[in-house]
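S.K.: Protein chains in written order, with the numbering used here: chain A, 38 to 335; chain B, 38 to 335; chain C, 38 to 335; chain D, 38 to 335.
In case anyone wonders, no lab produced these hints; they're calculated from the structure. Treat the numbers as computed from the prediction; the structure is a model and nothing was measured. Some clues are possibly wrong.
One copy or two, it doesn't matter: identical chains are merged, so the pair holds either way.
[As the list claims (entries may be wrong)] Computed list of lysine-lysine pairs in DSSO-like fashion (alpha-carbon distance at most 27 Å, straight line):
| no. | residue 1 | residue 2 |
| --- | --- | --- |
| 1 | K330 | K200 |
| 2 | K52 | K148 |
| 3 | K52 | K301 |
| 4 | K330 | K148 |
| 5 | K130 | K200 |
| 6 | K317 | K301 |
| 7 | K254 | K214 |
| 8 | K130 | K148 |
4 protein chains.
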Amino acid sequence: MSQHVYQTNQPREEKQNRARMLILCPDRAGIVATVSQFLYEQGANIVQSDQYTMDPEGGMFFMRIEFDLNNLESALPSLQEDFARVADRFSMKWSVYRAGRRKRIAVLVSKEDHCLLELLWQWQSGDLDAEISMVISNHEDMRQLVESYGIPYHYIPVTPDTKAEAERQQLELTEGKVDLVILARYMQIVTPKFIERFPNRIINIHHSFLPAFVGGKPYHQAYSRGVKLIGATAHYVTEELDAGPIIEQDVQRVSHRENVNELKRMGRHIERTVLARAVKWHVEDRIVVYQNKTVVFV
Amino acid sequence: MSQHVYQTNQPREEKQNRARMLILCPDRAGIVATVSQFLYEQGANIVQSDQYTMDPEGGMFFMRIEFDLNNLESALPSLQEDFARVADRFSMKWSVYRAGRRKRIAVLVSKEDHCLLELLWQWQSGDLDAEISMVISNHEDMRQLVESYGIPYHYIPVTPDTKAEAERQQLELTEGKVDLVILARYMQIVTPKFIERFPNRIINIHHSFLPAFVGGKPYHQAYSRGVKLIGATAHYVTEELDAGPIIEQDVQRVSHRENVNELKRMGRHIERTVLARAVKWHVEDRIVVYQNKTVVFV
Amino acid sequence: MSQHVYQTNQPREEKQNRARMLILCPDRAGIVATVSQFLYEQGANIVQSDQYTMDPEGGMFFMRIEFDLNNLESALPSLQEDFARVADRFSMKWSVYRAGRRKRIAVLVSKEDHCLLELLWQWQSGDLDAEISMVISNHEDMRQLVESYGIPYHYIPVTPDTKAEAERQQLELTEGKVDLVILARYMQIVTPKFIERFPNRIINIHHSFLPAFVGGKPYHQAYSRGVKLIGATAHYVTEELDAGPIIEQDVQRVSHRENVNELKRMGRHIERTVLARAVKWHVEDRIVVYQNKTVVFV
Amino acid sequence: MSQHVYQTNQPREEKQNRARMLILCPDRAGIVATVSQFLYEQGANIVQSDQYTMDPEGGMFFMRIEFDLNNLESALPSLQEDFARVADRFSMKWSVYRAGRRKRIAVLVSKEDHCLLELLWQWQSGDLDAEISMVISNHEDMRQLVESYGIPYHYIPVTPDTKAEAERQQLELTEGKVDLVILARYMQIVTPKFIERFPNRIINIHHSFLPAFVGGKPYHQAYSRGVKLIGATAHYVTEELDAGPIIEQDVQRVSHRENVNELKRMGRHIERTVLARAVKWHVEDRIVVYQNKTVVFV
């Protein structure tokens, strides 16, 4: 269906001179002054700036700056080289991202399609400023849907016997080719090796308000406990199950009237919403991870 | 301050003929027809009726009916006697409450006053249709506040040594004299013996979204886990800590910017709101407990 | 795409004996008893019952009952005939709907696709228990999308010159063939004649929190006024613009940071959610309209 | 009641060196760099900084900076003098506030006490970092309550005949003596002359989601229109009724079941919450007004 395939990975006109800088360092006087003075002298125009100090007495300092710079593509390398000296003085961890270079996403799914559909919808409407490079699934169910958007669909079955081979195929498809992996209700545990290759670059949607109801069948657990709100949590995947840095959460009111199936149905709406927000923030370089928590500049 | 003391335990004019019936039984055909026919024949006028069937195939059936009956006070005993025969046929557990008889409440507090203040405010404005009979505290801090409302204040210190004596005093003050006990941020564990005397009649406010962050210092736990919403839970107290039937929950959005103290500050607002809703529902006979869960007719 | 076309208009096994009754009449003693007794004697089993009395002193009484009845298809006519006599005694307006007969929907759209996509998604996942019989648009844009679901797509352009002809075509396509018309961001005014043919059966989604920002460009109006929440409203269409009975509303927090385009983007999410809820309630016969307001039994 | 009177207008130890700067000017390159460099050279340590550009192409630029400066009290005058030259170059409107100087508030009330109670509660708990200097009312009802907090209570009756005299008294009491006036459900129209003396320094709580239901009896209007959410709006008072810059709004879900009295009851909760948030933001110097809208840095 050709009408869907209107997005490409080319830097887009309007954002080709826009960059985003993320900084993390111990707090001390003069950081903001130094960084903004540096950018000003480089000819950059700051269009957005956010900062956060964990603790004014000796805490960590986080900063996100969006700036425009003429001829960004050619000017950025020397700016980065110069900034490295500034960063050293403040012991900064830092990155610069070009807004015009959309992140490449691999979406992993199983049989539930609502999270994938939401990502496709937001991508198609232009709300999700990224490239969905491929969909990988351990089932064939969504091939036709995905291919109708002109997106490659890779079927990689996972069984206890094929687990190692599946991991090998997943890595071969994604490594160096995608910037972000989304587990959009993917019902297989991803391997430590896979996680290691995408540190803080795998986003999972868990269908509960973590840390409540870790593990399997969270809606059954929620029903059984009789909670009055159900939730969903988007988080980066780490080796410990459902314990990675939380990016976003939301909840919805329920009552005794909803049985497990109705909780699942209502939950789908929260899951897709929460996941889409988290993905949007990630691809817009709004998230810094520190000590298993996220700082999200929105 | 005499202006506060305008509420009494007298049946009030407008509600003196209003009753509420709560029913719980195995579902089968004809329950609604039988009960409503029975009330009609007794001359009662149903003003509100709610029901819930857990599972149309052999589940439990719950019902709450509000009705008006002329000369309720004198007519109710024979209505109850007659209804017992109906109830037997359907193996019902049931209760009838007079709306004009306001429930007597004992509030237990420690040092945090926001939940108590909210109850006093709602009681004074007429939103909480109950009688606050006494406040019991293990500190003296709130005596002046409470007594200014004309409410007796009992100081019962609790130390490891005086625990048994404290329980004895608490029971002596409350047993047979109050219908509901509210732990409004009371920071002592109530004893199994005390719980046993008030089955499903002790409401606690826990300052987290249960079952997340059971136990002590939930805001510290929430901060440490990096959740994006904090919550509060009102529940009936059972012997297992923070595991009783949940009555009401709510949450509020937070971000990385809030430290533990700010979480506490924001949490106070949710705690008082959630507790006040739960108490309101209890005193209006809207809650049925079944298998450690609540059915709340609102 | 054949995988989408799995829903048909056949009464489905599990719901073929389920009916829903909606009643509206002046309140008086004995209604619930009479109706539930009547259904019991007919052999019906009440699985859900809700009621609402506008004012215990002489107000209107509203009731919704779901019941199961063996051989509903053949038994219903005589039940209705018998009930007519009961209804007369109480001056009831009433209707009975078979849950197994899914309502047929015509969706009218222009160029914005998010509301239509949501309806298609909920329909496909089984959450929207209805038949989408056709999509009518004054543009060709969504033909391919709609036809991929096996749904007929009718292009009816509307210009000042063709307005009468367009109305004629719309009526020809829909009259007697659909039970509900949904204006899913359809940017043309529907004619009084069209409205007259579908009384309280046309649902519009207005992209503001009505009655704020009636008329055109509500997001521009919202931006200009500097509101801190934006909203959407689903309502039945009446002759007066944006003034029909409100079915559902919701809002989302915004700040000074959002410009008009961002309000539109965020608003799309609320619009589709609110519209989908309203449509769901309509097709499940949960709505009674009275004096330009809705009673919604949920 | 002496336990309430623990707050004074003294600069407090921990905040005595903290200042807040608000800036408004046409956007252009170098503002952030210049301001942060300036503060750095003055020896100030920026602890929080927020900015907003209305439109990167020629829009307005807004900035809020919190900084610490040793010996603020004595050092501030020369800093301000020096900054005036910087500000001139960028055509800035700007202000600096000392965090240690708490704003003095006059609360105007009539007969509804919930908004006043909330302010007193937040003030007493330390959440509202301000001084409540006086309460003015056109009724005597709340004298005892207010005086129990050690706050002066001024009874100024307002009738058509005494309107001019009432205004004179209000101005005499407040002018030069308070920094902020709060209309906490004060049911009299304040005069243009009064408004003129407190430009963008009078906060009103309107009991609807503005611009819906401007004017009197908004809950009656909401009930009559059949909305599914009710709301409240805190705004600065301007000469045009209910049309001043909106600071904060919130809503709560209602249904057909709530009559006007119940809307009022539920609305009280939103009103006090929304008002308290708006007041908190004002006294923390988080609000900039521009073209009848607010920029709120939270």
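S.K.: Determine which of the earlier numbered hints do not hold for this structure and return their numbers in increasing order.
M.R.: 1, 4, 5, 7, 8
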